[in-house]
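**Student:** What follows is each chain in one-letter form.
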Amino acid sequence: KAGVTQTPRYLIKTRGQQVTLSCSPISGHRSVSWYQQTPGQGLQFLFEYFSETQRNKGNFPGRFSGRQFSNSRSEMNVSTLELGDSALYLCASSIGQNNEKLFFGSGTQLSVL
Amino acid sequence: AQSVTQLGSHVSVSEGALVLLRCNYSSSVPPYLFWYVQYPNQGLQLLLKYTSAATLVKGINGFEAEFKKSETSFHLTKPSAHMSDAAEYFCAVSDAGGTSYGKLTFGQGTILTVHP
Numbered sequence: 001k002a003g004v005t006q007t008p009r010y011l012i013k014t015r016g017q018q019v020t021l022s023c024s025p026i027s028g029h030r031s032v033s034w035y036q037q038t039p040g041q042g043l044q045f046l047f048e049y050f051s052e053t054q055r056n057k058g059n060f061p062g063r064f065s066g067r068q069f070s071n072s073r074s075e076m077n078v079s080t081l082e083l084g085d086s087a088l089y090l091c092a093s094s095i096g097q098n099n100e101k102l103f104f105g106s107g108t109q110l111s112v113l
Numbered sequence: 001a002q003s004v005t006q007l008g009s010h011v012s013v014s015e016g017a018l019v020l021l022r023c024n025y026s027s028s029v030p031p032y033l034f035w036y037v038q039y040p041n042q043g044l045q046l047l048l049k050y051t052s053a054a055t056l057v058k059g060i061n062g063f064e065a066e067f068k069k070s071e072t073s074f075h076l077t078k079p080s081a082h083m084s085d086a087a088e089y090f091c092a093v094s095d096a097g098g099t100s101y102g103k104l105t106f107g108q109g110t111i112l113t114v115h116p
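Order-wise, the sequence lines are chains A and B. Residues 1 to 113, numbered by this note's numbering, are exactly what the first sequence covers, in order. Residues 1 to 116, numbered by this note's numbering, are exactly what the second sequence covers, in order.
Keep in mind the hints are simulated off the structure, nothing from the lab. The C-beta atom is built at its ideal place from N, Cα and C for all residues, glycine as well. A hint or two may mislead.
In silico BS3-like pairs for lysine-lysine, Cα to Cα no more than 27 Å straight-line [unchecked claim]:
hint: 1; chain 1: A; residue 1: K101; chain 2: B; residue 2: K69
hint: 2; chain 1: A; residue 1: K101; chain 2: B; residue 2: K58
hint: 3; chain 1: B; residue 1: K49; chain 2: A; residue 2: K57
Partner residues aside, some chain B positions facing chain A, computed with beta carbon under 7 Å [said to hold, decoys possible]:
hint: 4; residue: P40
hint: 5; residue: Q42
hint: 6; residue: G43
hint: 7; residue: L46
hint: 8; residue: K68
hint: 9; residue: Y101
hint: 10; residue: F106
hint: 11; residue: I111
hint: 12; residue: T113
With the hints as constraints, model all of the structure from the sequences given.
**Tutor:** Structure follows, in structure tokens:
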């Protein structure tokens, strides 16, 4: 079974731009979660989607948004990029029941210049 | 609210020595606890998970962890370190039976170095 796939692997943007990251979950997984990882703040939960609905949201500004498609693939969008948005963005998938194992992708490394 | 504290941001051991990575948690509800490992330039891989079935949890690659409610701890151990164990390890907590959907609260991580 293929794992969680995130594209692109690396991304360089400038302040003020917007960016869209993509995540394809493991086949059969209906839940997709997003995390931001930085050296200073560590791993922080962004949001979770299940069957195209956001079920949970972390404490991030409205510039961070996401969506999930009918095939369970997910995208997250960051608008008006700031230098502090530079981070590794990790996507994780699971079957969709609560508190089960999360399977993580390798992440998208975003650099904001 | 939940939180995780990993004691020691860096741990160094010799190959063949005991590995002990410490994790203490805080949770107002019964927790589920996890240990993940992250190799450079990769995502997180689940080592093991505690879900209240047994206090001693065995995971992959020879790792195990013991849930101690009285000490609010979930320390990770491995009897004999291997060079391939060098990585960053994260302890995480979520609430059991709640509505945390996809949300894990992670500790700050412990970088394990293994010397030959």
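**Student:** Report the numbers of all earlier hints that the structure fails to satisfy, in ascending order.
**Tutor:** The structure breaks hints 4, 8, 11 and 12; every other hint is satisfied.
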